[in-house]
Amino acid sequence: MPLCNDALFADIMEVVTFHVDDNNIRNNNIDVSEPNEKLIYEQCFNNGNMVPEESNNSCKRKLDVESEVDNFIEQSYDDEPMEAACKKKKLHQRCLNVSRIYELGDDMIYQILSFLDYLTILKNCMRVSKQWFSNGLRVPISIKFMNKLCNKSIHSVLQQLTSNQNKINITGLDLLPAVKIKPKTLELIANSDAMNNLRRLNFNLNPGCSPHESIVSLATSKYMSNLTELQVENITAFGIQILASSANMNQLKKLAFIGCGVDRRAIKTIRDNKWINNNLTSLTFSETEVESEDIELLLSSELAKNLKQLVIECLTISENGIKAIAESSSCNLTDLGLSCSDIGQKEIRLIATSPNLRNLTRLDLTCCNEPESGVKYLAESPYLKNLRTLMINDTSIKVDGIISITTSQNFSNLTELHMDMCDLLKKGVQFIANSSIMRNLKILRLNNNLVSDGLISISHSEYMSNLRELELSANDIETPAIITLCTSKFLKNLTRLDLSYNNIGSEGGIAIANSENMKSLRFLNLEHCEIGSFATIALANCAYMARLTHLNLAHNEIENEAAIAVSNSPYLQDLTFLNVERNRIGFKGAIAIVENLRNLTDLCLWDNKMIPTDDDVREYLYSKLPQALKKWKKAEDKQ
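With numbering that gives the first Met the number 0 applied, the sequence shown corresponds to residues 0 to 638, in that order.
Hints may contain errors.
In silico lysine-lysine, BS3-like type, Cα no more than 27 Å apart, as pairs [said to hold, decoys possible]:
1) K518 x K441
2) K181 x K221
3) K221 x K273
4) K252 x K179
5) K166 x K129
Hints listed in this document are in silico derivations from the structure and should not be mistaken for laboratory results.
Let the hints inform the model, and build the full structure from the sequences given.
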């Protein structure tokens, strides 16, 4: 029985992304999108019939090798005296040992497959033999639905995946980017033995479809007993009660409620479930109103003992709620997220003076009020000395607050600093760049701060030499500052660089292309930087770009010649993401990209006015790389 029929396979190619999910051995996203891959995909799940018969029998191969060895020895030692018998025996054994190199055990094959992307497994490995085919089915796979298609299509795809007799090992299922699923789809997931190994499940349930029966199916399903991560959106408080009272949730380590109805009864059910209390280490309430009494109930229970991460993202949270967190002696939190506009200096002072929060390594205070006073409390705290990540985005922090961050030993272990939209300006960035306290930073995100020439301070600072990721989007940065970045003797190990929405021009783009500092880049965002075609061609011809997998060149007046250069570049063949929308690319440039950059899983071509609007042209481009062009087609269809 093949995995899916011809009509449905197009849906699978559009909406599903597979990746090997083997506990961080390696996670490589792939999309089954090429026309020839369709046949491969169907064959791989067609009872293994595509495996050549001569490849199926390792014993036959072994016998053939042994026969050849015997023939060789007989010819070599024909009419030789008896004293050669010993040498003959040793040679025979040596040859047989060599032949056994090709006989791999299941455990070895499985480990090999775990390090490969899933498309390689489908196209090549599962075609070797039935042994490789069966081991390919064992590899843990995470499935993500990408497009917002109708629930009917998603339901059909899931139906095919779960009903096939050659079942893949699904350990992760992410439906959140797709659609608000109907109860019947959730019931299909809950009642399928194909989900027996499911570890992670994320879904957004349509609240208008009487969903409680499907929640009951999920909560009582024997196939859900291995879940360790569950994220749900748009379920009612009663739905939370059903899930939280289930014994099948006893393996849960991460539980997140997004936009869900939460009441006191639901909170008490979570608190009182001994199965959840045993293993839960992460609890998130986002876009959900949680009362301070609810927080007190949770953190005064057995649940608090194992909790390492608590995230509360809502419009309001009272001082009493923060007090409950700070005074919970049962808690051993290492990660606290309080993205809330109600957080002010009183609340931050409670956090900073709590000995119960001494183990915090990550603190998110996005949207907090009175950041200068709050940051000063953090800087003077006798307990917050282990922070590795600090996030204070979307706050109008003044110079005094920045000085507190850059001079306190409490922040000397920071490896990540996120200060997007904080009105830092050039002076604020100079304080960060010139601070020895910041010497351990690996990730620095300062988007939308109008830092301008402040980038020069970062480029010239020895304390920034450990940076791996630098984001400076929308900062009024111009060419001279870019040149200092490209020639910096300290910024030589960047793997991620975001300079989008800065007027760096063609000269800045060429400087990036010619900079040896970019040799480790995997992510480069130059959207709306006015680099033009000439700089784009320079990027395409640059060996320093050879490690890139993500490239954003949207809105840069790029024309066909540059698009063709990108498509033919020997250094950009590993790209999986390419955004060239809102340029001046025509049909020649578009077809060159879709025909040559075959590893793309995401290609954005929308709003290139030079591409003919004929339906035949659009469909032809889409047929060449359907998975990669999904967003473009969706945008065009809307128009």
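Now the hints, each set against the structure:
1. K518 x K441: holds (17 Å)
2. K181 x K221: holds (21 Å)
3. K221 x K273: Holds, because 18 Å separates the two Cα atoms, which is no more than 27 Å.
4. K252 x K179: holds (24 Å)
5. K166 x K129: With Cα atoms ~15 Å apart, K166 and K129 stay inside 27 Å; holds.
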